[in-house]
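Those sequence lines, one after another, are chains A and Y. Heads up: the first sequence begins at 1 in full-length UniProt numbering, then just goes up one per residue. Heads up: the second sequence begins at 1 in full-length UniProt numbering, then just goes up one per residue.
A few of these clues could be false.
Distance condition first, Cα-Cα at most 25 Å in a straight line; then the derived SDA-like pairs of lysine to any residue [said to hold, decoys possible]:
no., chain 1, residue 1, chain 2, residue 2
1, Y, Lys-255, A, Leu-193
2, A, Lys-164, A, Gly-174
3, A, Lys-234, Y, Ser-100
4, Y, Lys-96, A, Val-195
5, Y, Lys-255, A, Ala-129
6, Y, Lys-96, Y, Gly-7
7, Y, Lys-255, A, Val-9
8, Y, Lys-96, A, Val-158
9, A, Lys-234, Y, Ser-39
10, Y, Lys-198, Y, Ala-81
11, A, Lys-99, Y, Val-24
12, A, Lys-164, Y, Ile-13
13, A, Lys-128, Y, Ser-256
14, Y, Lys-255, Y, Arg-45
15, A, Lys-99, A, Val-158
16, A, Lys-234, Y, Gly-236
17, Y, Lys-96, A, Leu-210
18, Y, Lys-255, Y, Ser-39
19, A, Lys-128, Y, Ala-81
20, Y, Lys-255, A, Lys-99
21, Y, Lys-255, A, Leu-10
22, A, Lys-234, Y, Ala-81
23, Y, Lys-96, Y, Ile-82
24, A, Lys-128, Y, Val-41
25, A, Lys-164, A, Asp-134
26, A, Lys-128, Y, Phe-277
27, A, Lys-164, Y, Gly-7
28, A, Lys-99, Y, Phe-277
29, A, Lys-234, A, Ala-254
30, Y, Lys-255, Y, Ile-13
Derived DEER-like restraints, expressed as beta-carbon distance ranges [to be verified]:
no., chain 1, residue 1, chain 2, residue 2, range
31, A, Ser-45, Y, Ser-104, 43 to 51 Å
32, Y, Arg-97, A, Val-250, 34 to 42 Å
33, A, Ser-45, Y, Val-25, 36 to 44 Å
34, Y, Ser-132, A, Gly-160, 14 to 22 Å
35, A, Ser-103, Y, Phe-212, 20 to 28 Å
36, Y, Ser-39, A, Val-73, 28 to 36 Å
37, A, Gly-160, Y, Trp-62, 39 to 47 Å
38, Y, Ser-104, A, Tyr-125, 44 to 52 Å
39, Y, Leu-10, A, Ile-172, 30 to 38 Å
40, A, Trp-69, Y, Ala-155, 48 to 56 Å
Bear in mind the hints are in silico, worked out from the structure with no lab data behind them. Yeah, the Cβ is synthetic: ideal placement off N, Cα and C, and Gly gets one too.
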Amino acid sequence: MRGPGRWAVLFALVVLAVVMVFPFAIVAMNAVKSPAEYSTQGPLSLPDGLYLQGIIDFWNRVDFGTKLWNSFVISASVSVLAVVLSVLNAYALGIGRVKGRLSILVLFLVANTLPQEALAYPLYYLSKAAGLYDTQLAVIIVMTVIQAAFGTYLLSAVLGQFPKEILEAAAIDGAGRLRSLLRIVVPISRPTLNVLLIFFFIWTWNEFFLPLIFLISNDTQTVPVALAVLQGEKFMDATMSSASALLGVVPAIAFFLIFQRTLTRGVTVGAIK
Amino acid sequence: MRVRTRGYWLYLIPSLLLFLGVIVVPFLMNVGASFTRWSGVGTPRWIGFDNYARLLQDERFWQSFQHNVGLIVAMAIVPTAIGLLLAAALFDYIGKRFGSRTASALRAMYYLPQVLPVAVAGVVWGWMLHPSYGAVNQIFGLDLDWLGDPDLALATVMAVMVWFQLGYPVVIFMAGLQRVDPAYYEAAEIDGASWWRKFWHITIPQIRPEIFVVLLTCTIAALKVFGPIFVLTRGGPGNATMVPSYFSYLNFFQKSNVGYGSAIATVLALIIIVVTFLFLRVQEREQ
Chain A
1 MRGPGRWAVL
11 FALVVLAVVM
21 VFPFAIVAMN
31 AVKSPAEYST
41 QGPLSLPDGL
51 YLQGIIDFWN
61 RVDFGTKLWN
71 SFVISASVSV
81 LAVVLSVLNA
91 YALGIGRVKG
101 RLSILVLFLV
111 ANTLPQEALA
121 YPLYYLSKAA
131 GLYDTQLAVI
141 IVMTVIQAAF
151 GTYLLSAVLG
161 QFPKEILEAA
171 AIDGAGRLRS
181 LLRIVVPISR
191 PTLNVLLIFF
201 FIWTWNEFFL
211 PLIFLISNDT
221 QTVPVALAVL
231 QGEKFMDATM
241 SSASALLGVV
251 PAIAFFLIFQ
261 RTLTRGVTVG
271 AIK
Chain Y
1 MRVRTRGYWL
11 YLIPSLLLFL
21 GVIVVPFLMN
31 VGASFTRWSG
41 VGTPRWIGFD
51 NYARLLQDER
61 FWQSFQHNVG
71 LIVAMAIVPT
81 AIGLLLAAAL
91 FDYIGKRFGS
101 RTASALRAMY
111 YLPQVLPVAV
121 AGVVWGWMLH
131 PSYGAVNQIF
141 GLDLDWLGDP
151 DLALATVMAV
161 MVWFQLGYPV
171 VIFMAGLQRV
181 DPAYYEAAEI
191 DGASWWRKFW
201 HITIPQIRPE
211 IFVVLLTCTI
221 AALKVFGPIF
231 VLTRGGPGNA
241 TMVPSYFSYL
251 NFFQKSNVGY
261 GSAIATVLAL
271 IIIVVTFLFL
281 RVQEREQ
């Protein structure tokens, strides 16, 4: 294709990109409009100025700072703990090649594909019996195991390729197994572990079903749960709804920008999930 | 000297214990509960296969799986098809004629919805599609109740899911295209092959593994879909957008039919395991 043809292709792809990004733009535009401006101008006009009261009101009303903190605590704990468990498992399966490792790996993979609905009620019941219901600890434990199941699967394959000579040399020097893990395997696999850590963090941040079931009170809820549950509340008028959507979108985009390089490099890693 | 392999299993103990408590025992409890009538309090009453017999006759159950098929179209098939075209166009057309920066900027824009928590994506679209103040009606000068009209609701949810899902195959396919040997394309160009012929005979066969992975992961995601339904429609209006995951949630936490909900969840789990197994078998045979 020459001349106008090639511009037509570019034009079509740009139009599609605009459609994809449009919801973000319109949410941002309307989150900074006053309710009065919204009712006279509608959603499509550019805002007259920056009216931040809607965002501030929504923030205070739902105590959004607490929700952010809750999401952060849960995601950070899960990502660290799940990486630790994944490393321990992958050390045994990938490097130690323990007996029955294939069936253990299949078990972990099945666990990762199981719908959470098939675990939800017993987990809810057990957490109540253990006094963990409506605590973040319950979500942290469950999500850690689910993420580690995937991490084990991935990391075992990576550590299966680990150069054995290095470990043998260390063993001759008298390094124990734990020492080899901490001093050799972990530092050398650090790039992969970083990718896992970031993925676990974002996946846990985005998680909806289990936090919805476990976290019912205002001071334990995560960002996605709080925003979803508040939808349709009486105080949510048009501008406040867009303010709430914007507050949900901003952290996600921030993570995307911060972790962009790791994510685009690692997205093929995530593809196995 | 060989590194001794005995003793490594010690490192598995913490995970195996947690795994037992968080996955194995709850899953078996769920299967067990599916053979009982239980409201969540008191003692479950054993009723054998009654819940499963009831499922087979429950119109809502069958509808919910039909809606799942629609969501597989919206979340797996359509994004894969469009994603292939977009990835190929970006990679060997835009990338070559307008520079790779243009291509990666477009790719980032297609990918943007994927970074959202799916519940937040639902909040965004719930607002855009609101019948009285939503932006979509304003833009098109329409007066439709996108999510409240039983004839429209499923199609609307499907459209939202295409938007949400599209970036994922684009990114995976573009990464896959990078390992294709350019010599194939050069040879085809010398033979005067059209863009379509190259797309069909080189691009698609070369990134088959990626296509498999995307179809498998997106199909599983579509079978499990919960967040968007919870946020956008709660399965309604009527049962117009009911899906198995939400149907079981409803029975667990709102109708106190724990036994029945467990049966739905068990069937869903079995379907997902079978689908995964079939995909992996086909993939194995391909290779």
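For each hint, the structure was consulted:
1. Y:Lys-255 - A:Leu-193: violated, 43 Å
2. A:Lys-164 - A:Gly-174: holds, 15 Å
3. A:Lys-234 - Y:Ser-100: violated, 48 Å
4. Y:Lys-96 - A:Val-195: Violated, at roughly 30 Å.
5. Y:Lys-255 - A:Ala-129: Between Lys-255 of chain Y and Ala-129 of chain A the Cα gap is close to 21 Å, so the pair holds against 25 Å.
6. Y:Lys-96 - Y:Gly-7: violated, 55 Å
7. Y:Lys-255 - A:Val-9: Status violated; Cα separation ~53 Å.
8. Y:Lys-96 - A:Val-158: Outside the cut-off at roughly 34 Å; violated.
9. A:Lys-234 - Y:Ser-39: Outside the cut-off at roughly 31 Å; violated.
10. Y:Lys-198 - Y:Ala-81: holds, 16 Å
11. A:Lys-99 - Y:Val-24: The given pair, whose Cα atoms are some 20 Å apart, holds under the 25 Å limit.
12. A:Lys-164 - Y:Ile-13: holds, 24 Å
13. A:Lys-128 - Y:Ser-256: holds, 16 Å
14. Y:Lys-255 - Y:Arg-45: holds, 17 Å
15. A:Lys-99 - A:Val-158: holds, 18 Å
16. A:Lys-234 - Y:Gly-236: holds, 20 Å
17. Y:Lys-96 - A:Leu-210: Violated, at about 45 Å.
18. Y:Lys-255 - Y:Ser-39: This hinted pair holds, its Cα atoms lying about 8 Å apart.
19. A:Lys-128 - Y:Ala-81: Cα-Cα ~45 Å, so violated.
20. Y:Lys-255 - A:Lys-99: violated, 46 Å
21. Y:Lys-255 - A:Leu-10: This hinted pair is violated, its Cα atoms lying about 52 Å apart.
22. A:Lys-234 - Y:Ala-81: violated, 41 Å
23. Y:Lys-96 - Y:Ile-82: holds, 20 Å
24. A:Lys-128 - Y:Val-41: holds, 12 Å
25. A:Lys-164 - A:Asp-134: violated, 46 Å
26. A:Lys-128 - Y:Phe-277: violated, 35 Å
27. A:Lys-164 - Y:Gly-7: holds, 17 Å
28. A:Lys-99 - Y:Phe-277: holds, 23 Å
29. A:Lys-234 - A:Ala-254: With a Cα-Cα distance of about 30 Å, the restraint between Lys-234 of chain A and Ala-254 of chain A is violated, given a limit of 25 Å.
30. Y:Lys-255 - Y:Ile-13: violated, 39 Å
31. A:Ser-45 - Y:Ser-104: 43 to 51 Å: Violated, at about 32 Å.
32. Y:Arg-97 - A:Val-250: 34 to 42 Å: About 35 Å separates the Cβ atoms of Arg-97 of chain Y and Val-250 of chain A, which means 34 to 42 Å holds.
33. A:Ser-45 - Y:Val-25: 36 to 44 Å: violated, 57 Å
34. Y:Ser-132 - A:Gly-160: 14 to 22 Å: violated, 58 Å
35. A:Ser-103 - Y:Phe-212: 20 to 28 Å: About 24 Å separates the Cβ atoms of Ser-103 of chain A and Phe-212 of chain Y, which means 20 to 28 Å holds.
36. Y:Ser-39 - A:Val-73: 28 to 36 Å: Since Ser-39 of chain Y and Val-73 of chain A have Cβ atoms about 34 Å apart, the given range 28 to 36 Å holds.
37. A:Gly-160 - Y:Trp-62: 39 to 47 Å: Holds, since Gly-160 of chain A and Trp-62 of chain Y (Cβ atoms, about 44 Å apart) stay within the stated range.
38. Y:Ser-104 - A:Tyr-125: 44 to 52 Å: For Tyr-125 of chain A against Ser-104 of chain Y, whose Cβ atoms are near 48 Å apart, the range 44 to 52 Å holds.
39. Y:Leu-10 - A:Ile-172: 30 to 38 Å: violated, 22 Å
40. A:Trp-69 - Y:Ala-155: 48 to 56 Å: For Trp-69 of chain A and Ala-155 of chain Y the Cβ distance comes to about 39 Å; the hint is violated.
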